[in-house]
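Here is what each chain is made of, one letter per residue.
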Amino acid sequence: MSESQQTENTEEGTEIELGMLPLDAWHRAQGGRMVGFAGYHMPIQYEGIMAEHLWTRAHAGLFDVSHMGQLSFTGEDVDAALEAVIPASIASLATGRQRYSMLLDEEGGILDDLMVARRPDDIYMVVNGATKYDDIGWLLEHLPDEVTINLMDEQALLALQGPEAVTALSRLIPGVEALYFMQCGGFDWNGHSLWISRSGYTGEDGFEISLPAEAAEAFADTLCAMEEVKPIGLGARDSLRLEAGLPLYGHDLTPATDPVEAGLSFAIGPKRRKDGGFIGAERVLEYLADARGMSRVGLLVEGRLPAREGAAIYDENPHPIGNVTSGGFSPTLQRPIAMGYIDAALSEPGTPLEIEVRGKRIAATVASMPFVPHTYHRQPAAPKGGSQ
Amino acid sequence: MSRYFSEDHEWIEVDGDIATVGITDYAQEQLGDIVFVELPEEGKTFEKGDDAAVVESVKAASDVYAPVSGEVVEANGALEDDPALVNSDAEDEGWFFKLRLSAPDELKSLMTESAYAKFVEGL
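If you read the protein sequences in the order shown, they are chains F and U. Heads up, the first sequence is in the working numbering, so the first residue is 1 and it goes up one at a time. Heads up, the second sequence is in the working numbering, so the first residue is 1001 and it goes up one at a time.
It should be emphasised that the hints constitute simulated quantities derived from the structure, not laboratory data. Incorrect hints may appear among the rest.
[What the hints assert, rightly or not] Straight-line alpha carbon distances no greater than 30 Å define the calculated BS3-like cross-link-like pairs of lysine-lysine that follow: (1) K360(F) - K1044(U); (2) K1108(U) - K1098(U); (3) K1118(U) - K1108(U); (4) K1098(U) - K360(F); (5) K1048(U) - K1118(U); (6) K1098(U) - K1048(U); (7) K1044(U) - K1118(U); (8) K1044(U) - K1108(U); (9) K1048(U) - K360(F).
[As the list claims (entries may be wrong)] Interface residues of chain F toward chain U, partial, derived using beta-carbon atoms under 8 Å: (10) Q45; (11) G48; (12) I49; (13) M50; (14) G235; (15) L305; (16) P306; (17) R358; (18) R361; (19) R378.
The beta-carbon is built from N, C-alpha and C at its ideal position, and this holds for glycine as well.
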């Protein structure tokens, strides 16, 4: 109840000065309650997490995610250079296409998760806010001098998410409706250049919009003047992504977890699996063939008491089989849900388990994720074997 | 009857040797949407400052401390079915538990309503 307004306590217990994002004053004017997050003052909520969450699932929510790191990569052989460090297929990434990927250490541990896209003149990457400076240091260390990395800290990043996001955004920027999930492109608004992808972190259809910081306030005002759109804070962002089964870096993904046990093998394409050649490949290819034994699963928790990060998970035996890594109350399902790592042998959906919360055992069931279905606007699959 | 307030944002309504304890409207507003309240069992005894209850909001779990010493004589069963009562009516229907005071002198260290209002203003 006493979140600091000026500083944020780090895990080491030292206080750091918080930075201000381009929309700082705008959030305060909207009634946002500001907290320290990823080194910045950020809005945890406006009218309330529950209401904001449900609004996003029914209409459109505007999220400020300008704390995230927007990186631009240019230079000779940038594709090959990036493929030598990250497990994404970059050479086969067409202009206007985006992929989910990760930074991995030599042991296959996850250092960060990210989105990578090809733009006409560069490779564009979005990494987590709390890890962005470490990521840049790591990338500088591993990429050749020919590749230039630019942290685009003059850019804001907004996300518009929800079933009415396309209606609202296409009213402002005609053409965005033609994008499919994980497609992206350059657009213009009032003379400002915007880079927009159809993607997000809520499980809903929606967009992520990179725009110059000086245009962010007018853009946010214009969107929020529409009946479909309300500003949404970090609290609902977390409950939305949890319902969508999307892992949160630093909690569900850490250097101690690998992509296979984290359920992120989809991010390593067939060619990368066959040829390796990225940092951590030796281990990851080994885990793909023979997993390490833990598995990230969803958990439906009985009753109303939320099981949160750190809670031990048990089967009928006395020793824990794993831990909750994220947990909370699902506003959509009106019940507690959680995500955690357990012994893979027990990861079949429907398996009854118990979670210990403050000394009490609560019944829980392994559930397939997402908890709430994704509603991404995917490109229809090309018809197979059609006539000429 | 008189009502007292603690720096931990609890209200304490005293009637004879029974104190009804809840969290203030300011506290519920800070916590946000409350989804679960873990209440103490009848017969449990607390020293002032002991962990007495836990409030779970969508975002986090927060401890509620016993503002005075005593024995639990009743917990508010209505919160089991409708924890959001704490949001809608924190200082009345959303009460947490009743204590039989074992050290009534402790009430002297609590704030009056006007002193608490000033305290909150200064936060």
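Evaluated hints:
no. : hint                : in the structure
1   : K360(F) - K1044(U)  : 17 Å, holds
2   : K1108(U) - K1098(U) : 18 Å, holds
3   : K1118(U) - K1108(U) : 18 Å, holds
4   : K1098(U) - K360(F)  : 23 Å, holds
5   : K1048(U) - K1118(U) : 23 Å, holds
6   : K1098(U) - K1048(U) : 14 Å, holds
7   : K1044(U) - K1118(U) : 33 Å, violated
8   : K1044(U) - K1108(U) : 23 Å, holds
9   : K1048(U) - K360(F)  : 24 Å, holds
10  : Q45                 : 6 Å, holds
11  : G48                 : 6 Å, holds
12  : I49                 : 4 Å, holds
13  : M50                 : 4 Å, holds
14  : G235                : 5 Å, holds
15  : L305                : 5 Å, holds
16  : P306                : 5 Å, holds
17  : R358                : 7 Å, holds
18  : R361                : 14 Å, violated
19  : R378                : 30 Å, violated
In summary, the numbered hints that this structure violates are 7, 18, 19.
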